[in-house]
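Number of protein chains: 2
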Amino acid sequence: MVKVAAIFLSAALCLAGQSGGDGAPASSNVPGAQYPRVASDLRVTFRINAPDAQKVQIKPGGDGLGKTPYDMTRDANGIWSVTTPPAVPGFHYYFVLIDGFQTNDPQSETYFGYNQETSAVEIPDAAADFYLPKDVPHGEVSARWYFSKTTGQWRRIHIYTPPGYDSGRGRYPVLYLQHGSGENDTSWTKQGHVAFIMDNLIAAKSAVPMIIVMENGMVAAKPGAAPAQNGRPGNAAFEEVLINDLVPMIDAHYRTLADRDHRAIAGLSMGGGQALRIGLGHLDKFAYIGSFSGAIRGFDANTSYDGVFRDAAAFNRRVKLLWFGAGTAEEAMHNSARGAHDSLEKAGVKNVFHETPFAHEWQNWRYDLNDFAPRLFR
Amino acid sequence: MVKVAAIFLSAALCLAGQSGGDGAPASSNVPGAQYPRVASDLRVTFRINAPDAQKVQIKPGGDGLGKTPYDMTRDANGIWSVTTPPAVPGFHYYFVLIDGFQTNDPQSETYFGYNQETSAVEIPDAAADFYLPKDVPHGEVSARWYFSKTTGQWRRIHIYTPPGYDSGRGRYPVLYLQHGSGENDTSWTKQGHVAFIMDNLIAAKSAVPMIIVMENGMVAAKPGAAPAQNGRPGNAAFEEVLINDLVPMIDAHYRTLADRDHRAIAGLSMGGGQALRIGLGHLDKFAYIGSFSGAIRGFDANTSYDGVFRDAAAFNRRVKLLWFGAGTAEEAMHNSARGAHDSLEKAGVKNVFHETPFAHEWQNWRYDLNDFAPRLFR
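Sequence order for the protein chains is A and B. First residue of the first sequence? That's 0 in numbering that gives the first Met the number 0, and the numbers climb one at a time after it. First residue of the second sequence? That's 0 in numbering that gives the first Met the number 0, and the numbers climb one at a time after it.
Isolated chain A, as found in the complex (with noise of 0.2 Å):
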């Protein structure tokens, strides 16, 4: 902690007054990369070099970097530059535009995003450092392949293992947390910091130390189903490899705490769906259950969910955390969980409701994670 605090103290000091100035490399760049460059206001400057292009822009991916895409201005050798309004801090997607050709940015790391390697753009977030490394145990994350009798395949997952799993012999709880639509296995990990934010939480003694499982949700149909209509993978198959294939795997090859009281499932976006379809589905496996950011349409606490909130009580008894997240920057979004959380309130389902100032963009889920694994296995 005190090193990073340090470079981040060092690099503010060194912008102090100096809006609009050139600023430093973002910390998404490739190493040695000098742009994109996030300026004290946070003001971003990217720059291309195409001499032979006849027009080139920075397409932003999220909210935060702006909606459309910015044109840039060539200069006498070729390299095209603009500078976008401050961005909302966190994790951008954006695309450059080669005459027309939307591709990435040769400066930045890829994240999977839109169902592809697509560059972003890291804002730094005065407010939180919640998600950088710190001087504290770290823990892993590590890929793992296993095979899959649902899809026929060799599927990769990511997991986190806490600080003190490899030397230890304890058995740990588990989370299975999952990305948006398009991203994949490895989205939590680059895009979320997940490891980061769980290192710090439990360091700081404010979660509980637990295994995190994150699987690749976009899954094909199963062999012979017809293909999605744009050719990308589906999702249809996942509550089967999840339910039938990767938790029985995940509790013989780990040591779990292999019961519902000590299994959670979350996810974001279409993950945040997901994790509510299969959590609500098989209450006899996770007994808590977070959406952040979650698409649920026409939310009845009466006929939702094949009505399982019909008898409140019950499901007060049975379900230890049912935790709804939105931005106040992803209307359709927010008006949705919060919509479910008020009707859920009114039937008697206890719920929580969790708030950030984002809009649809991982800034949102880190906050989101940050107040959810602290509230798990207590």
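No lab work stands behind these hints, which were simulated from the structure alone. Cβ coordinates follow ideal geometry from the N, Cα and C atoms, glycine included. Mixed in with the good hints there might be a few duds.
Claimed, not checked - Computed Cβ-Cβ distance ranges for the label pairs, DEER-style:
| no. | chain 1 | residue 1 | chain 2 | residue 2 | range |
| --- | --- | --- | --- | --- | --- |
| 1 | B | 26 | A | 169 | 30 to 40 Å |
| 2 | B | 75 | A | 75 | 33 to 43 Å |
| 3 | A | 80 | B | 202 | 48 to 58 Å |
| 4 | B | 21 | A | 50 | 28 to 38 Å |
Claimed, not checked - Keeping only pairs whose Cα atoms sit at most 25 Å apart, straight-line, the calculated BS3-like set for lysine-lysine is:
| no. | chain 1 | residue 1 | chain 2 | residue 2 |
| --- | --- | --- | --- | --- |
| 5 | A | 133 | B | 148 |
| 6 | B | 54 | A | 54 |
| 7 | B | 133 | A | 148 |
| 8 | B | 319 | B | 349 |
Once you have looked at the hints, place chain B on chain A.
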């Protein structure tokens, strides 16, 4: 193994007699992407949707896909395509040039190479399945962060732990395994398939179970030092990071056999040079040393590496394996490795020279590891 072989077999049958036909999507494509496609004769068809571009090309990274850019042809809808001559089996980096701007193909996975995230295409190798997932016990590759006093940074490693590591109590030997210039700590996993290679070797009892540690060998010079000429990180500080920070951290955090007889170092290209320099310079710490297509300049058995080879008998008693690998299609590397081998043989220094038919590309190094790892810790 059964399932994977069946998939490949069915693809092969499906393509039989379709030389030059449309083929199958490369395994390196993002899910659902139909291009690049690899035909049964290993010709590769690329397709890029860029209606407003004036010129679109595919530029090979390594030699196995060709040596010069391929001009693509535009159809009436603005889709550009080209089919290459038959490619060499294995992993080939490539770039898309959009009006001269060098970028990624959104349809392919990216891999860290050339100091940035770079597209690649995987060409099946009819002669080899040792680097594919099979129905054997699988180890894990974990990302771990640690603080380096040498660089004053939080640094990330990737580490392979063999099947049974988590559930057992035993201690294991350690191989430090490094990537090439412009790559990073993810490369042996993503490009190299290190986990599948080791899982398969260990299952066949061809290699002893071992831990494999992969750091980022592009270590920026120490704070205060002048930056490398091109603004990219150099590798000057890697030796200090490895010896002073990394080895002690690994021996503290993992169940290692923490002596020289159970410690190996190897690497490819730049990493091969690092393995020779660091390994031969620290024989108190390493008993096994491997250079996969490493750069070896002006080798002299009497004077190179501080004269470590001068007393051949002493060297032979101390070093359990000195291993050189090179491909016949990478002439300079082959000549220098072969030259070092011959000089050492003549001087009575025991060493192994291993030859592949490949160029300076990853297929070479997958084969190298498959020969090198079985010789360790016997």
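Evaluated hints:
no. : hint                      : in the structure
1   : B:26 to A:169: 30 to 40 Å : holds (39 Å)
2   : B:75 to A:75: 33 to 43 Å  : holds (36 Å)
3   : A:80 to B:202: 48 to 58 Å : holds (53 Å)
4   : B:21 to A:50: 28 to 38 Å  : holds (35 Å)
5   : A:133 to B:148            : holds (14 Å)
6   : B:54 to A:54              : holds (14 Å)
7   : B:133 to A:148            : holds (14 Å)
8   : B:319 to B:349            : holds (9 Å)
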